[in-house]
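Protein chains in written order, with numbering that gives the first Met the number 0: chain A, 0 to 79; chain B, 0 to 79.
Please note: incorrect hints may appear among the correct ones.
In this list, chains with the same sequence are indistinguishable; a pair is considered to hold if it fits within one copy or across any two.
As the list claims (entries may be wrong) - Simulated pairs of lysine-lysine, DSSO-like, Cα-Cα distance not exceeding 27 Å: (1) K2 - K35; (2) K64 - K35; (3) K64 - K2.
No lab work stands behind these hints, which were simulated from the structure alone.
2 protein chains.
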Amino acid sequence: MLKATVYVTIKQSVLDPQGNAVQGGLHSMGFAEVGKVRVGKYIEIELNTADRSEAEQRVKAMCEKLLANTVIEDYRYELA
Amino acid sequence: MLKATVYVTIKQSVLDPQGNAVQGGLHSMGFAEVGKVRVGKYIEIELNTADRSEAEQRVKAMCEKLLANTVIEDYRYELA
Numbered sequence: 000m001l002k003a004t005v006y007v008t009i010k011q012s013v014l015d016p017q018g019n020a021v022q023g024g025l026h027s028m029g030f031a032e033v034g035k036v037r038v039g040k041y042i043e044i045e046l047n048t049a050d051r052s053e054a055e056q057r058v059k060a061m062c063e064k065l066l067a068n069t070v071i072e073d074y075r076y077e078l079a
Numbered sequence: 000m001l002k003a004t005v006y007v008t009i010k011q012s013v014l015d016p017q018g019n020a021v022q023g024g025l026h027s028m029g030f031a032e033v034g035k036v037r038v039g040k041y042i043e044i045e046l047n048t049a050d051r052s053e054a055e056q057r058v059k060a061m062c063e064k065l066l067a068n069t070v071i072e073d074y075r076y077e078l079a
């Protein structure tokens, strides 16, 4: 069994309202040192396969088709 | 300036409906090898400070007070 970890982040050029809300929240709680905040997703997937190179391709396909909206989001993944 | 990366994940003992939905979606798209899926948050925070040990404590406080719900979520962070 392999484990894939996928990180989905909003592209730098796209506004991140959730990140702005978190930034505002932290400021109002006294964390004045907080600059830009970006919020993304962190997805752990168990894969019932042992073929690493096939898994690599399959996880890429999952990201492109479902996990990330590639118009506004970037993704990267690790297999372990 | 330091950059903190925070990972917030749902505790193993807590149900993850979003993860189940993603798992179901991947199955119905033909990714039959997909086992358990867990969805968490990935937060990047710019910190306008150079004091690493102070930043460490401050980020821990941000996690405890705002970023994670420690009743149902775990968190970990890295400073770079």
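Discussion item. Which constraints among the numbered hints does this structure fail? Numbers only, ascending.
Written reply: Per hint list: zero violations.
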